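Dock chain B against the given chain A, drawing on the hints supplied.
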Amino acid sequence: AQSVTQLGSHVSVSEGALVLLRCNYSSSVPPYLFWYVQYPNQGLQLLLKYTTGATLVKGINGFEAEFKKSETSFHLTKPSAHMSDAAEYFCAVSLTGTASKLTFGTGTRLQVTL
Amino acid sequence: DAGVIQSPRHEVTEMGQEVTLRCKPISGHDYLFWYRQTMMRGLELLIYFNNNVPIDDSGMPEDRFSAKMPNASFSTLKIQPSEPRDSAVYFCASSPTRTGWGNTEAFFGQGTRLTVV
Chain A
34 AQSVTQLGSH VSVSEGALVL LRCNYSSSVP PYLFWYVQYP NQGLQLLLKY TTGATLVKGI
94 NGFEAEFKKS ETSFHLTKPS AHMSDAAEYF CAVSLTGTAS KLTFGTGTRL QVTL
Chain B
315 DAGVIQSPRH EVTEMGQEVT LRCKPISGHD YLFWYRQTMM RGLELLIYFN NNVPIDDSGM
375 PEDRFSAKMP NASFSTLKIQ PSEPRDSAVY FCASSPTRTG WGNTEAFFGQ GTRLTVV
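Residue numbers (my numbering), protein chains in the order written: chain A, 34 to 147; chain B, 315 to 431.
Chain A extracted, bound-state conformation (with noise of 0.2 Å):
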């Protein structure tokens, strides 16, 4: 079985400033790691994946994710928050051997503030 947990529902950061939204997942096996974003009214769009390689994961809009199996972490980092980065991100999890099946964590909302 997998579960994700994310840390804090509601982030608010200035504009300028770091962002760093945390996942913490549980699995049995070395999992697929997932970010995605969801925009008010839109579904959700895939900011960056963890398979397999290096651990730290460029993805788009100047994201990145950095996947700590010591830790089972793959928290998301932005060094500057663009006030167009307001949404909601929801961390996911898919298990290695099966098909693309995913548990999403609760979501995290981010408010970009001036």
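The set of hints was computed from the structure by calculation and includes no laboratory data.
Examples of chain A residues toward chain B, derived with CB under 7 Å:
#1 Q75
#2 G76
#3 L77
#4 L79
#5 F137
#6 T139
Here are the in silico distance ranges between beta carbons for each label pair:
#7 R378(B) <-> K91(A): 39 to 45 Å
#8 V431(B) <-> S117(A): 31 to 37 Å
#9 L89(A) <-> G330(B): 50 to 56 Å
#10 V431(B) <-> T85(A): 45 to 51 Å
#11 E328(B) <-> M116(A): 38 to 44 Å
#12 T146(A) <-> R378(B): 42 to 48 Å
#13 Y72(A) <-> T429(B): 19 to 25 Å
#14 I369(B) <-> S36(A): 17 to 23 Å
#15 N364(B) <-> S117(A): 32 to 38 Å
#16 P398(B) <-> S47(A): 37 to 43 Å
#17 I369(B) <-> L147(A): 45 to 51 Å
#18 P63(A) <-> N364(B): 20 to 26 Å
#19 S380(B) <-> T146(A): 42 to 48 Å
In silico EDC-like links for lysine to aspartate or glutamate, alpha-carbon gap of 20 Å or less:
#20 K91(A) <-> E419(B)
#21 K91(A) <-> D118(A)
#22 K82(A) <-> E419(B)
#23 K382(B) <-> D344(B)
#24 K338(B) <-> E325(B)
#25 K382(B) <-> E358(B)
What you are looking at is a predicted structure, and each value in this text was computed from that prediction instead of being measured.
Ideal placement from N, C-alpha and C gives every residue a C-beta, glycine not left out.
Only chain B this time, still in chain A's reference frame:
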């Protein structure tokens, strides 16, 4: 490609009525997923298909819910009879098979916002 297309975008219906949500996956994708999003429960997988065959429907909440995929380019999610607690945003997603399992990207439609009054 236009992406995953869902219709309608919004649906308001009265309790007891039948509701049908529609989805057109991305051409060439062999997986199709139906998710439900609510404030209380977040995103839940209801059912998924592989090559038009239902693989896992363990997330379907009740017998009132049914899903079909008659061909590779169309799927429906039906609720009969609908209840107020079914109010949610329903997402359809499709995914291609790449090398290995579980490392594929799900492409989501814009969702159908269902309100049952």
